[in-house]
Amino acid sequence: MGKEQDVLRYYFRCFRDDGLSSKLGEGVNLSYQEMERGIVSEEFLRRLLKSGKLEEGEIEYHVCPVVLMHEKDKFQTVAPLYIPACIKDGRFFPIPHRPPYISREYLSPSSEDKVAVGSVEKMDRYVMKHPYMAQDHWEEAWHYAEEMFRAVTGSTMRTFAIKGYARSETGRVIPLPEKPQGSAIESAYQELLSQDRLPVLLKEYLSLEDREKVPLLSAEAGADKHLGQMNGVFPLSDGQRESLHHLFSIENGEILAVNGPPGTGKTTLIQNVVASLWVEAALQEKEPPIIVAASTNNQAVTNILESFAKEGMLSESHSSEWMEKIKKLRGRWLPDVKSYGIYFPSSDKAKKLQEKGHDYQIVRFNGENFMEGLEERRKFHELKNKFIERYQQFAKRSAHSIKEIRAHLHEELKKTHQAILDGMELARKLEDGRKQLHAEFEGSLETLQKREQEWKEQLEEKDRLLDQTEALKQSWRAFRRKEPLIWKILSLFTSVEEKREGRNREFIAQWREKAPFVFSSFSTSSIEQSIVHYHDEVRKDWEETSACLQKAKALLHTLNEGKKEFNRWLVAFGRTGTDDLPDLGSVLRELDRTLRYEAFLLATHYWEARWLEEVEGLPRLEQIREKRPTPKERRIELYHRYAKLAPCFVSTLHMLPQIMSVWQKDPLAYEKNKGKTEYLFEVIDLLIIDEAGQVAPQIAAPSFALARKALVVGDTLQIEPVVSLPSAVDVGNLLGFKVMKDLSQLEEMEAKGITAAKGNVMKIAQRRSKYQKNELAGGMFLAEHRRCVPEIIGFCNSLAYDNNLIAARPNEHKYDFLPHMGYADIEGQAEADGTSKFNVMEAEAIASWLKRNKEKILDRSNRKAGSKRELGEIVGIVTPFRYQSTLIKAFLSECGIEGITVGTLHALQGAERDIILFSAVDTSAKGNAFYDRKPNMLNVAVSRAKDSFIVFANWKKFGRVNHLPSGKLRSFIPEENKVYEQKDEKPVEQLLRQMANRNSHRSEKWNKGEHKIIQQIIHIHENRGQVIINKDQSKVEVVQNQSGS
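Note that full-length UniProt numbering has the sequence shown beginning at 1, numbered continuously upward.
Lysine to aspartate or glutamate pairs mimicking DMTMM-like chemistry, simulated, CA-CA at most 25 Å apart:
1) K814 / E784
2) K665 / E622
3) K856 / E873
4) K327 / D359
5) K403 / E287
6) K325 / E285
7) K88 / E146
8) K540 / E513
9) K482 / E501
10) K338 / E372
11) K854 / E894
12) K415 / E285
13) K752 / E251
14) K225 / D583
15) K978 / E912
16) K384 / E404
17) K325 / E280
18) K338 / E613
19) K473 / E537
20) K435 / D238
21) K956 / E976
22) K856 / D816
23) K632 / D685
24) K122 / E750
25) K563 / D422
26) K968 / E784
27) K414 / E565
28) K450 / D583
It is worth saying that the hints were derived from the structure and are not from the lab.
Let the hints inform the model, and build the full structure from the sequences given.
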């Protein structure tokens, strides 16, 4: 089936290899010497056989020669190195293209609580320089593993040691499970690989080709298909509108990428994609589309869900009939339905939500099911009665049946649709007029009016001149008719011509003062020619001026009438008229806030009526069916019914293959559990992947098989995918599955975005999208940024987006005591334990600064009437290191400050705060800080701040390399914007002593991971001569070290 099949197999293998060490289990022990020789004893083979893990031949084993155990906790082990192998005739053999690797969890940077034995950078460097060539000899694989391990860790496999850990005398041999481990994604991969034909959209996704780009559509193209708007408050931005219009133009099997930098309205775009498609299906009286919005992280999923639970309303400037109509249409007429989204969570997520309470409309087929609850008969009759009551309030008439209501709502929807089309016609007329105004009158109405007056005056003058020329022409002809007839007969004689010219002199003398030109000759032919020529010129000039005047009048009429119609429209919608000349954009924006919003509300209640009809008719339907539907057909029917109430299904990509599958029992089998899982391939009408820059390609591939077309939204310059796949394994898989021929193609594959270790779905969508808005990347681009003040987003714009963003928020100063971009100069130093870093002075400075400024911040934030925001809703704290975030939380708690989100970038991904404090921790004047490796980290951190971004760092060292991200950030922060300064550790000591005296930090205050981090920090501080921290199983106690040892 071609290259796409190779890529699919590669993704399947990479999906299974991701986080291999966590999937391998315990394995069977084997001595280091036996591992090195590659010859295993009969005793070992018996143990493998006894454990049920011995399978000769192609089964893959992972040989782990280095195992260390924590001296105080034997369950804490470090097993970083693995060598893939197979066993034949009691010997280990290497597996081609399956190179040795160090598990990703033991390489820095890492968010896991694991000991770091080396860095990803060192691992990648070694793999790139040393292709894995082992084929038949175990010695080759062992030597490669030894050299790689030495290059990454600085130690040999035999001598490797970690303080606090004891070396095990044996390593492990662990079989790699060949059967799916219950993962829905894994099962979907197996089903796809067994098929003869790949779904069209999946083939598009798997293609390695760069799609040829086509020209962008015009501004108004696709606007007729924009039929619904989910709220009446904010119209679409230009970038959102352009993206929406281009989405409507893609065909089945195509992908549209929309690059959405932070704060540019990605979620709003998704809302209105769903709204338009829902309205379109209602107009056509088809089944509603099945639309799924998915991502890998739960924050993105919940952001979508929360947005679908909100319904905005156009603020009215004065009452109107239309406003009263909208008030009656707003809200659901089925009172229990609160959102336009249905959430399909995992069982674990559903359990957690149930424990803490939630407002989501959850569907789990073996658990909580919001939709089934609505269809329960008693509840159904209650909903039906409420629906009829709300309809009668709206229509001001009684209704005899749901069918009657549905028909009336559909008629209303068609009228609204026609009004939208009329509005679009007005928009096109105005746009054509504006184009003509720009092309011919410098885009100025005043210039048009001035030119009209000039042409009017010119035409009056040309009228006079034309009359005069006409009189001259008639006089000349009359003069000629009086000429003696004999002259015409004898006109060839010279004497006759001389007499004729003499007579002509008399005519010219009569017209000398009145003629508009000078006669150059007295000959009859010359005079005739001059008069006719001049008359024709004057006539032509008159016609041209008249045409210009008529065109100007027509344009003025179009623009003035369009303006009047637009203002009548505004007043009808409860808005204030405008003196400005409307254009295409202004009409489209008002359509968003009025008629498109109305269409969405009407469609909502139309679909509610359709749902009521369907549920009420289900018993009868089952009786009259001629053919019993298959489980797959039933599930599709069910999802269409669900989509009548909630047009967007929301799920993680890990769950999506499961919710789009059914169990198909084998009709010939007697056993109940005999059958197979059948997937709903190509059933989703539109797959929307949000935060696609964070999605690894192998996670999303099966989901593309489930859909017909895809909208991929995200930003490759924010958080990257979290992948535990070692680069060595990824490269081996690329070669093993023939995705690339040799290492020389690796850079090309990474640039295409397809690699499992370094690629992401957004990069693939950029490459496969047929449109390209700008030079940054393929796909459309959302440019209008409304979250941050211009000074803040200006940094991100310069750092990451080549100044393509448009700052659309006013430069207001909400917190008058803070700069928009500022810094705190903290002369602390970074400390490390090998896995993470922390800076005690910075952590204390943040806690102290917040304690001092808490009341000011709350005062400025809550000045608006009715505002009662808590500090945690206003302030967020970001740091690159998990140890630092834990330390900051502890210090904040000691200062009596709770509820603030403190964490690495993932803690605030997709979120925003008025004020963001950034703890740099590691400030190196050489510019090798973690946050300087790529623009992503500082881009995300800074763009979380709406009003103020404050860097806590050693300002003498921070950002001293101009071309690096921190250097650019420093250039955006004036030196005078210092908000705080701390040069000694006395405040730190005081806070630690206070913690000790009050004995406030007991181990149960932290979760297990945080407790472990605090313990690691304790070990480091014990040897610094600053503090001694006593600890037992129940508490952590901090006391001053008096000895100074």
